[in-house]
Amino acid sequence: MSFDVKYCLIAICTLCFHLETQGQVLSDTMRTKDIPQVTVTSDRTNSPGAVSASKRADARLMQATGTLQVSDVIKYMSGATVKDYGGVGGLKTVSVRGLGASHTAVAYDGIIITDNQTGQIDLGKFSASQAESVRMVSGPDNDLLQPASLAAQAAVISINTGLPQLKEGKSRNSAQLKYGSFNTLSAQAESAFKAGQSNTVSLQAEWLKTKGDYPYMQNNGASSIEMRRDNSDVQRLRVEGALHSNLSDNSRLTTRAYWFQSEQGLPANILYNENAARERLWNRNGFVQSTLTTSVSHRLTLRFNAKYGITYTRYLDPKVSNTQGRTDNRYTEQEGYLSGVALYRITDCLSASAGVDGHLSGLDGNGADQARPTRYTLNSTAAIKYASEQITVTGRLNHVITKEKTILRQAAESYNHLSPTAGLNWTVWPAAGLHLRASYSNTLRLPTFNDLYFEQIGRRDLRPERASVTSAGMVIENEAAGIRYSVYADAYNCDVKDRIMAVPGKNTAVWMMKNIGLVTTHGLETGLELHALQGLVRPALLVSYTYQRSMDKSDSNSSTWNHQLPYTPRHSASAVTWIETPYVNASLNLLYSGEYFCNGYNGPEYRMPRYYELGCSLWRTFSIKSFDISLKAECINLTDSRYELVRNYPMPGRQVRLTATIEL
Amino acid sequence: MKRALKILPLILTVLACDPEPVLLEQSQVIADAGYTGIYVLSEGLFNQNNSSLAWIDFGIGQPDSWNPSAGRSFDCFEKVNGRRIGDTANDMILYGSRLYIAVSESSTIEILDASTCRSVSQIPLQRNGVASQPRRLTANGGFVYVCCFDGTVTRIDTLTMQADATITVGRNPDGICCANGKLYVSNSGGLDTQNPDNTVSVIDISTFTETNRITVRENPGSIYADGTSVYVVSRGIFDYGTMNYDSRLHRIDTETDQVTATFDIPVLNMDIVDGKAWFYGYGAGGTIQILDLATGQVTDSDFITDGTRVECPYSIKVEPTSRKVYVCDAMDYVTPGSLLCFSPEGRLLYRVPGIGINPNTVVFCDADVTLTQYQGEPEIIGDIDRVFEYMPAPGQFVNLLPKYEPGDDAASMAAKCLKVLQSGGMVTLGAFGGYITAGFNATVQNQEGPDFRIDGNAYNGNAESGVVWVSADANGNGQPDDAWYEIWGSEQKAGRATPGYAITYRKPAAQDGNSEWRGSDNRTGSILHNTFHSQPYYPQWYSIDSISFTATLLPDNVEFTNNVYVMSSFEYGYVDNKPDSPENSAFDIDWAVKPDGTPANLTSIDFVRIQNGVIGCNTTTGELSTEVSAIYNLNRPVE
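Protein chains in written order, with our numbering: chain A, 36 to 699; chain B, 198 to 836.
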């Protein structure tokens, strides 16, 4: 494991050099530093003016919920279901409104993250420290400058790095150290500075290592034993840098280079009488992406995005009874992406936009019988929006066309589909801050390379999965007596048609991917938020509740007719409360999930018990000379609640974490 | 508009409950003559640890493990053992009085007592710390053989209930059968999808070595013995054009070990009775067909005549006498499957739904089965608390059951015996005359009917009968130094036994030498050292070079017919004489006699001695040696 040490050294060296040069500049301004005013700015977690249900987690909410990985905070967003295999390294995917993880796109600074191999993005790979905010929009977005590929998604989770907040407009440097249970250590360094009049550079490096050997109970009646999770170590390194340039008053260019690499063990599922986890996984992901936004006139705004990315994955099982005595799969997925959107303000209220995204993605691997596919995708979109004081109406038409090539075996046919979305937000009672909103979206997700070509299972004749979502809801957001309060409730109906699933083929020996069935979800998301805006002691409370009834409507003669979708609790809830005082800040958070099933057949043997997880934290920020120091102590799973989210993959029990941050 | 309207009713249904799984009606189970019921093994779902075992009792006409409120069977293994079998139980056989289960993903062999479903041994199978993944089982001559996906075949001694030898074969064995004194193992090589194996390993049973590899088509799987022929399914290489296998069936002649015929019939699984195979195939949906193995012609392309639909056949078994056909239906693999019983004409006789998830093995059972709820691991089995003397004659299990370790003496071996007997394990008495003396933890009162019980390891055709002696602690000193009375079984009573037969065994010069013996009538013989058990057969803690015993000699019960040794049971009154049961293993104190043969009229006993009463040897399984297991006081005072 020399790679992390090596890269870490490089990262630290670059950073140290930079800190040195910036230190001189800072010393001059130190004395004139003001005592900061208390202002609460960005606590708006649901956008009241949005046409779709929309949740946003900012740094403060991530602090209060003990978020280490981005997936942690999504658990607090109503309407999202996180499938978590436990521990830092366990896969964490998000399904919004019972649509399935592949209908949830993940965007990094406005550009979609593509994984055409599996179609699922592991949100555990993104650290909370790289996100200034995380936003989840379940339906059409108000933003007309959204690229075509994101506009065509049923739900989007956006990880936004934000613009670096420079101290006195000059620079910002920080270092952070985290230590937690089960030998978890992470170190992070960040630097942002002005480079010339119009450029801001930000650099960030983060390194994490964990053994992750948390204890769990292997329940098997009289043979139950307490065990420790094995082969659960993770090492990660992320280095990224961004250049934010204001080319002119009307043009902004952001370019980002990103590198992530990890080595981890894959803990085995609980297996009675046999526990030999030995599989390893390596990941390397690098990309360069750039966004240019330019206002040509006060009516016309253009945005261009470009990206080149490469993802390397290696999976190793060192002991397999085949000829090689091992399974060693290596995959390389490369993507190129170009996008353009034009927004035209026809009148003050009426705007229209059109955009095109071209995407090229190829998968290569070391297996002799791999198809090695390449997919060319062209997403186009046209949208119109009417936005007055009281009412916002959006309408959009998306189109996708693909062409596929393979080196081995026959490639899938081209896909060519149209999908519309529409939305409405009506401020019914402006004085009370009451908004009504409604949206409809018809989106699709293309079959992944695994769906089409994976060994004997993949089938090239698959159709895309179609999701149509109708949603209606209300938001009240207002302020009274120094408290901002908001209440929201959204009810929805989702249908996912032509679901792609592995089913037995003509006989029991050959399984295959097939478009099968229909899932209908009725759901309700609701929540309440209270924020004290003034005073020395400022409490806040966020409560949310989700109801999801996801029914298998594929075949009325099937044994799973009307059964609840697996891993989808009917009832789930969360609560976060925190209090900020001049001395110390404290938070308490709670996650609750009702019963659910781990199989599409809702037999008693697949029932998963309800669980809850409680956490708390204390943190304090103070200054010594020019250093802002923040110390934080967290307890995750305070009550040591033992549960499995995914059957046979135990979740960690009680953990403590200590964080020290120094900023200048 | 229609979509928007859907939102209203959903708010009203917020508090609705999940639908209960709809299950098929269970019809009346019809008994098959000669059996008490059927065990059905279900493998469960991969990596869900939910393999299960169901017991369908012909006596009550429904699964004994049937749970009426749930409308399905519960796992009788879990009920009895307080834990679950594990992950992906692949195969099960009944051999002797025990069930052997190969649990692939958990990589264990579970050995169960068929009459109680209690696990008597759990054997983990690993090689270099990696799971061996046992797949299929077969049995022969007191041994169970299991082929494992890591390219090995392991032999399990049914007496010690331990794996005693492992050999390597081809890649990823997927089937094993026994024919003509040989084992046939199909090497699938299925983990190399584009480069599978294409051989069948031939293993000589007596030496347990691979002697030959027969080349067949690629990816051989299920393998079946039928007399002197072996049939093996070869699946071929997966064809990405048709997205399927192109499967064939080979016939192998076990005299020449050559492939003598290949049928273009895509068999997936079958069962052979009288040269006919009932099978379901690749690409054939749920159709059951009949194949004439002599001609290779399908004689019935749709066995089911009443329109009954089998969604997904997962196992097929034909009862050889009644010709009823039992089919396991895995349904959609996630719903608990069904067992369907068809008449020989293909009409559905009954259906047992909810038998388990992915039922894969049907075993007909003739034992009296009683399933009792797990009450925690019993600390002590049986009612003895002392072993005074352990004096085995030489034998192939001596120094093994229990194990002799350097430094052991008569006292430490007796202590080991007590521990073994109290945990339900097995103690060997060696050849004729060897004995053990034990004391009950409370006086056994002589009451109406049977008073005490001694278990052994007999099964039909494998009696190794031991004579029982009893004694009461008349002088109250706690030592077995009082008068001993013989329990007369059927043979003494009928005057067919020889009382007071004396025998002397000599210690062989070599560790693996034969132990010679001479009887009081000058008969001679020897205890032959065999290839199955390599340890010395003469008790290693004996300081003398010859050992003599005097015992009651029972009539010769060994017969050699049709190439098979049969050791027939006597009518009653002996240990290790008939399969263990409350009836077969029980003794009445009233059967005790004085030396002159008149009733001893004992009111109670405190000590018991078991002594091997047979001289006999067969060349397959070695000399006859009584094995003793748990000893119970049936009139135990109520606590």
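Incorrect hints may have been included.
So the derived list for chain A, only partly shown, Cβ under 7 Å to chain B, looks like this [as the list claims (entries may be wrong)]:
# : residue
1 : 153
2 : 261
3 : 307
4 : 356
5 : 444
No lab work stands behind these hints: they were computed from the structure.
The C-beta atom is built at its ideal place from N, Cα and C for all residues, glycine as well.
We went through each hint and held it up to the structure:
A distance limit of 7 Å between C-beta atoms decides the matter here; for residue 153 of chain A the minimum to chain B is near 19 Å, and the interface restraint is violated. Taken as an interface hint, residue 261 of chain A does not check out: its beta carbon lies about 15 Å from the nearest beta carbon of chain B, beyond 7 Å. For residue 307 of chain A, the shortest C-beta to C-beta distance to chain B is roughly 4 Å, which falls under 7 Å, so the interface hint holds. Against a cut-off of 7 Å between C-beta atoms, the interface hint on residue 356 of chain A holds, since the closest Cβ of chain B lies about 4 Å away.
Contact between residue 444 of chain A and chain B, as hinted, is supported at the beta carbon level, the nearest pair being about 6 Å apart and thus within 7 Å.
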